[in-house]
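Here the protein sequences come in this chain order: A and B.
Here the first sequence is numbered in the working numbering, starting from 12 and rising by one per residue.
Here the second sequence is numbered in the working numbering, starting from 91 and rising by one per residue.
Honestly, the hints are just simulated from the structure, not real lab data.
Keep in mind that this is a model prediction, so the values were computed, not measured.
A couple of the hints might just be wrong.
[To be verified] DEER-style ranges, computed between Cβ atoms:
| no. | chain 1 | residue 1 | chain 2 | residue 2 | range |
| --- | --- | --- | --- | --- | --- |
| 1 | B | Pro153 | A | Leu181 | 31 to 39 Å |
| 2 | A | Ser75 | B | Val167 | 17 to 25 Å |
| 3 | B | Gln158 | A | Asp95 | 13 to 21 Å |
| 4 | A | Ala72 | B | Arg196 | 46 to 54 Å |
| 5 | B | Leu192 | A | Pro182 | 49 to 57 Å |
| 6 | B | Glu150 | A | Ser198 | 30 to 38 Å |
| 7 | B | Arg196 | A | Ala60 | 47 to 55 Å |
[As the list claims (entries may be wrong)] Chain B regions said to be covered by chain A (calculated; three or more residues, Cβ under 8 Å):
| no. | stretch |
| --- | --- |
| 8 | 103-115 |
| 9 | 175-181 |
Glycine included, each C-beta is placed from N, C-alpha and C at the ideal position.
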Amino acid sequence: MITQTHSSETRASRPPLGQATESVVLNMAMETKPLSTPDSSASNPEWAALMQQVRDHQDRAAFSVLFTHFAPRIKGFLIKSGADATMAEECAQDVMTTVWRKSHLFDPTRAAVSTWIFTIARNRRIDMLRRQNRPQPEDLPWGPEPEPDQADVLALQQDTENLAQALATLPAQQRDLIEKAYFGELSQSEIAKITGLPLGTIKSRIRLALERLRHIMK
Amino acid sequence: MPIQHHLEDATLMAYAAGSLPEAFNLIIAAHVSLCDDCRATLESYDAIGGAVVEHTECAEMSPGSLAQALARLELTVHEAPEPRRNTGALPTPLQDYVGGDLDAIRWRSIGMGVKQAILPTSSDATARLLFIPAGAAIPDHSHAGTEMTLVLQGAFQDEGGRYARGDIDVADGDVTHMPIADMAEDCICLAVTDAPLKFKGLLPRIAQKFARI
Numbered sequence: 012m013i014t015q016t017h018s019s020e021t022r023a024s025r026p027p028l029g030q031a032t033e034s035v036v037l038n039m040a041m042e043t044k045p046l047s048t049p050d051s052s053a054s055n056p057e058w059a060a061l062m063q064q065v066r067d068h069q070d071r072a073a074f075s076v077l078f079t080h081f082a083p084r085i086k087g088f089l090i091k092s093g094a095d096a097t098m099a100e101e102c103a104q105d106v107m108t109t110v111w112r113k114s115h116l117f118d119p120t121r122a123a124v125s126t127w128i129f130t131i132a133r134n135r136r137i138d139m140l141r142r143q144n145r146p147q148p149e150d151l152p153w154g155p156e157p158e159p160d161q162a163d164v165l166a167l168q169q170d171t172e173n174l175a176q177a178l179a180t181l182p183a184q185q186r187d188l189i190e191k192a193y194f195g196e197l198s199q200s201e202i203a204k205i206t207g208l209p210l211g212t213i214k215s216r217i218r219l220a221l222e223r224l225r226h227i228m229k
Numbered sequence: 091m092p093i094q095h096h097l098e099d100a101t102l103m104a105y106a107a108g109s110l111p112e113a114f115n116l117i118i119a120a121h122v123s124l125c126d127d128c129r130a131t132l133e134s135y136d137a138i139g140g141a142v143v144e145h146t147e148c149a150e151m152s153p154g155s156l157a158q159a160l161a162r163l164e165l166t167v168h169e170a171p172e173p174r175r176n177t178g179a180l181p182t183p184l185q186d187y188v189g190g191d192l193d194a195i196r197w198r199s200i201g202m203g204v205k206q207a208i209l210p211t212s213s214d215a216t217a218r219l220l221f222i223p224a225g226a227a228i229p230d231h232s233h234a235g236t237e238m239t240l241v242l243q244g245a246f247q248d249e250g251g252r253y254a255r256g257d258i259d260v261a262d263g264d265v266t267h268m269p270i271a272d273m274a275e276d277c278i279c280l281a282v283t284d285a286p287l288k289f290k291g292l293l294p295r296i297a298q299k300f301a302r303i
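From just these sequences and the hints, can you work out the full model?
So, in structure tokens, the structure goes:
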């Protein structure tokens with residue numbers, strides 16, 4: 012099921028992305044992509060503000076806005092992932108309840124709201140369709156900063172938006188492949204053929220946020 | 091010493107996409123718990139998942155679903171932030187499977203001082219903790235499928251280099267290897283396989299039938 016070809020290589024010695032010969036190489040110059048209008052975007056900074064309202068003030072109006080936007084998308088995602096409509100509806104409800112319950116774990120310096128909600132929906136899907144527990148990485152024990160620097164929050168939302176834009180402008184065939192992977196339709200060896208995703212910028216940003224959190228702990 | 095041996099991007103993407111067997115999810119979660127580099131990569135792949143959800147065709151929720159959700163919130167406890175600091179040797183996802191830290195592991199001897207404990211996961215792959223006495227070798231073996239080994243205590247050497255706490259070794263069917271534990275300390279690892287190991291020599295193969303490795 013799993014195939015690894017560079018088993019003993021460290022990260023540093025791996026060939027750079029894009030040199031694979033038989034892989035699907037996705038070339039994107041993400042820095043030059045225009046930004047979309049904020050209203051409809053995956054990482055609308057407003058979502059992060061609404062999540063903070065939910066977290067700090069148990070704000071039901073803010074929750075309703077998030078629900079109206081995200082619940083139909085989660086339901087659609089679950090149906091694409093193989094759930095029937097009834098199950099998907101029920102799970103979308105569960106996912107949104109979890110968003111409310113676990114809002115204190117949302118860290119806007121490391122994830123856009125869409126990212127965070129995706130992780131909850133994916134875990135719920137594994138639980139539901141495969142009846143399996145999905146082990147999670149340990150939470151950073153000191154959790155998200157209560158008052159993160161807004162510049163960091165905005166920068167991360169911007170990186171997420173750039174990433175979403177880059178994906179949206181891919182040729183349909185390549186975009187389909189990525190979607191299939193996230194709907195759970197591809198094996199590990201098929202996923203291994205997807206290379207060249209423009210993760211550099213967002214990865215560095217998240218890495219910095221993690222370092223900052225580790226530093227705060229000390 | 092920072093972690094030297096990491097997970098491949100494709101493995102982290104498959105974990106983010108949610109398409110791996112439970113035992114592999116466990117070892118990846120355990121490695122990411124110890125490795126901020128892989129955590130940052132993983133969270134980037136999660137961001138792609140977020141973009142996929144955002145662009146998925148919407149499926150209309152039934153009328154009244156928002157009202158229902160709001161009614162459910164009344165019954166839902168808004169969990170308080172609770173700092174959880176894990177001071178144990180086992181990362182939290184592993185502690186959940188063991189039911190505690192190192193002292194809670196129920197070892198079974200498999201000979202030559204080597205002990206193992208199989209963890210309860212779905213049957214499409216096997217996760218087990220291995221105890222290798224300082225200086226000892228795991229019998230020479232190769233793999234029909236993929237084996238991942240995460241060091242939790244001590245260190246071992248094999249053809250791929252030296253692996254200490256947090257390092258993960260990924261071996262597939264082409265590799266025959268013989269990991270040897272460092273002299274300084276007993277080595278404890280988490281090993282995950284999606285197919286049984288093939289030992290060279292008759293005796294280990296007989297032992298294998300009983301030890302389920």
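The hints, checked one at a time:
no.: 1; hint: Pro153(B) x Leu181(A): 31 to 39 Å; in the structure: 36 Å, holds
no.: 2; hint: Ser75(A) x Val167(B): 17 to 25 Å; in the structure: 19 Å, holds
no.: 3; hint: Gln158(B) x Asp95(A): 13 to 21 Å; in the structure: 19 Å, holds
no.: 4; hint: Ala72(A) x Arg196(B): 46 to 54 Å; in the structure: 51 Å, holds
no.: 5; hint: Leu192(B) x Pro182(A): 49 to 57 Å; in the structure: 51 Å, holds
no.: 6; hint: Glu150(B) x Ser198(A): 30 to 38 Å; in the structure: 32 Å, holds
no.: 7; hint: Arg196(B) x Ala60(A): 47 to 55 Å; in the structure: 49 Å, holds
no.: 8; hint: 103-115; in the structure: holds (count 11)
no.: 9; hint: 175-181; in the structure: holds (count 3)
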